[in-house]
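Line by line, the protein sequences are chains G and E.
Residue numbering for the first sequence follows UniProt numbering, starting at 1 and increasing by one per position.
Residue numbering for the second sequence follows UniProt numbering, starting at 1 and increasing by one per position.
Calculated directly from the structure, the hints in this document are not laboratory data.
A hint or two may mislead.
Claimed, not checked - Derived lysine to any residue pairs resembling SDA-like cross-links, with alpha carbons at most 25 Å apart: (1) K275/E <-> F112/G; (2) K323/E <-> D113/G; (3) K50/G <-> K7/E; (4) K151/G <-> K213/E; (5) K7/E <-> K151/G; (6) K70/G <-> F317/E; (7) K89/G <-> L131/E; (8) K151/G <-> L277/E; (9) K70/G <-> D318/E; (10) K323/E <-> K89/G; (11) K89/G <-> K213/E; (12) K50/G <-> S61/E.
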Amino acid sequence: MAAVAMHKQQQQHHHTERWADLLDDDGGDLDLGMLLPPPVVMGPDAKGIKTVTEYRIDGEGNKVKVTTTKRVRTVRRSRSAIERRSWPKFGDAAREAAGSRLTMVCTEEILFDRTRATGSKDKELSTKVDSLVKANDKGGGLLMVCRTCGKKGDHWTSKCPYKDLAPQQGESSADRPPSSDGSASQGGRGAGVAGAYVPVFRRSGADKSGADVMRRRNDENSIRVTNLSEDARDPDLAELFGQFGPLNRVYVALDRATGASRGFGFVNFVHREDGERAIKNLNGYGYDNLILCVDWAAPRPN
Amino acid sequence: MRPILMKGHERPLTFLRYNRDGDLLFSCAKDHTPTVWYADNGDRLGTYRGHNGAVWSCDVSRDSARLITGSADQTAKLWDVSTGRELFSFRFDAPARSVEFAIGDALAVITTDNFMDHVPTVQVKHIAEDLDDQTDESALVITGIKGRINRAVWGPLNRTIITAGEDATIRIWDSETGKLLKESDKESGHQKTISSLSKSSDWSHFITGSLDKSAKLWDARTLTLIKTYVTERPVNAVDISPTHDTVVLGGGQDAMNVTMTDRRAGKFEAKFYHKILQEEIGGVKGHFGPINALAFNPDGRSFSSGGEDGYVRLHHFDSDYFKM
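Taking the hints into account, I'd like the entire structure generated from these sequences.
Set out below in structure tokens:
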């Protein structure tokens with residue numbers, strides 16, 4: 001009898017336990033919710049980056065940490081503009097379905113395609129010709145300028161039909177670029193500047209085999225920079241290498257999809273000796289917690 | 001930069017206009033419904049329903065309270081910016097093309113097309129502060145221009161009206177008497193239809209874009225040609241940066257040929273030129289058709305372009321743009 005009673009009691013106990021379990025389970029989410037650490041807000045820092053770390057329980061009862069990074073931008077607006085912000089939508093916009101997605105951020109990164117390389121601000125005048133050459137080298141046909149006849153977008157210098165008619169360049173002054181050869185891009189602008197850069201192929205004594213020289217020179221003064229910090233961008237590189245002499249190209253390889261740096265880049269110096277100095281000084285130089293590896297770029301395979 | 005795409009219009013864009021504070025962007029298209037967007041994030045605020053034809057241009061008052069639009073339905077309408085309510089309708093006997101408020105918003109200049117046997121006109125209307133006083137009467141009607149007038153704007157201090165259009169000639173008129181004061185030189189001026197005209201922020205000079213594949217910068221008082229920007233396609237839209245020495249040109253081939261060429265060959269970029277050196281700085285690609293409308297935000301930090309493809313693309317410049 002006692003045994004039965006005991007069993008009964010046990011059963012009852014068991015039962016209550018189950019019920020209690022259920023009750024616990026019901027309240028459990030709430031309790032757990034309260035047990036979760038409070039959200040942590042970091043920043044915004046100097047760059048306007050604000051990081052919010054939140055904890056929550058997902059559908060399967062797992063604890064999830066959610067880190068959101070936002071860029072906070074402070075925009076100054078007039079009082080009336082702020083007032084206009086709160087205007088109710090009207091016309092078709094008021095009846096707009098929530099998912100109509102009329103406004104979308106472009107998934108594609110659109111670049112401001114520069115005709116000229118960045119980071120060559122004060123050297124613009126002297127490196128104008130070179131940047132044009134560079135644009136041509138890219139093969140985009142974007143800015144095909146013939147240096148012999150000055151015609152734009154028609155043919156390359158090497159294919160110029162007026163090549164034979166162009167005055168011989170060897171006899172012209174060695175110190176300043178001759179503006180008489182009709183190079184439209186350079187005409188008059190570079191000529192007046194004292195000590196302006198004279199392209200190698202126009203210097204006295206240089207061989208005059210045209211485009212070939214140009215390409216070789218472009219390659220020769222190209223420096224490859226590896227182990228570059230991910231935060232480094234074209235202007236940073238221009239600043240770093242610019243102290244050794246005029247540059248005509250600065251390029252940091254970026255990942256097409258993410259826009260993040262791939263950790264290497266190229267710098268083209270106008271003068272080879274500047275490049276040599278830069279390699280000597282910057283190879284092994286600590287930059288943004290990484291040690292730079294700087295050397296001449298391997299010449300292009302063709 | 002990642003431009004913001006605004007797909008509110010079903011037909012090609014015709015005109016874009018920022019308000020003075022630069023927080024609202026008004027877009028006009030051939031689909032009868034001008035639209036207003038928030039200029040920072042591209043959200044649509046509202047639409048102005050009531051036109052029955054393509055809307056060719058618009059202007060917003062300095063306090064952003066009123067909008068005026070000119071449409072092919074032979075009306076120009078005044079709207080309440082905040083509610084989209086139509087306030088007044090000016091009736092014409094030809095499509096209204098270009099509209100602009102004068103300084104003070106008490107006058108508006110409206111052009112009408114040559115249509116049937118009507119000659120193109122430039123008309124000045126009084127804009128009454130109180131709507132009950134608003135009338136349809138013109139304060140001044142200028143005629144004598146041959147060919148469509150694509151753009152008519154107020155000159156400095158409302159003293160003059162500057163017109164440009166199909167006859168490739170820019171003219172400056174006295175806004176009181178309607179007398180022709182100056183005419184651009186045939187030799188140095190544009191050779192083909194002038195498609196667009198945009199003033200600098202201080203109204204001292206303006207830029208015109210033409211189908212002759214060039215844009216020209218002019219002095220607004222003397223009509224002296226200051227600069228010429230040469231490009232390789234017809235120019236449909238131009239604007240001058242309010243903060244930097246840049247101008248932007250948009251265009252592309254004729255809409256009828258668009259489907260025959262690749263997007264890259266069509267040259268549908270917005271091209272940036274140095275205002276003073278006249279050389280090309282760069283370009284921003286993206287549209288699938290010619291660019292019909294361009295506008296810089298008054299703060300100079302963003303610009304928007306409207307294309308034949310029906311999209312408005314809102315571009316906020318990256319920081320490197322400002323380091324030129």
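How the hints compare with the structure:
About 17 Å separates the Cα atoms of K275/E and F112/G, which keeps this hinted pair within 25 Å; it holds. In summary, the hint linking K323/E to D113/G is supported, as the alpha carbons are separated by about 14 Å, within the 25 Å threshold. Taken as a hint, the K50/G and K7/E pair is broken in the structure, with Cα atoms around 31 Å apart against an allowance of 25 Å. For a cut-off of 25 Å, the pair hint linking K151/G to K213/E stands: about 17 Å separates their Cα positions.
Taking the CA atoms of K7/E and K151/G, the gap is near 40 Å; set against the 25 Å cutoff, the hint is violated. Simply put, K70/G and F317/E have alpha-carbon atoms about 19 Å apart, close enough for the 25 Å limit, and the pair holds. Simply put, K89/G and L131/E have alpha-carbon atoms about 24 Å apart, close enough for the 25 Å limit, and the pair holds. For the given pair, K151/G sits about 18 Å from L277/E by alpha-carbon distance, which is consistent with the 25 Å threshold.
Distance restraint check for K70/G and D318/E: the Cα-Cα separation of roughly 17 Å lies within the 25 Å cut-off, and the hinted pair is therefore satisfied. Between K323/E and K89/G the CA atoms are separated by roughly 38 Å; this puts the pair beyond 25 Å, and the hint is violated. For the proposed pair K89/G and K213/E, the alpha carbon gap of about 40 Å is over 25 Å, so the pair is violated. Annotation: proposed proximity of K50/G to S61/E is violated, straight-line Cα distance about 38 Å (limit 25 Å).
Taken one by one, the earlier hints fail for this structure at numbers 3, 5, 10, 11, 12, listed in ascending order.
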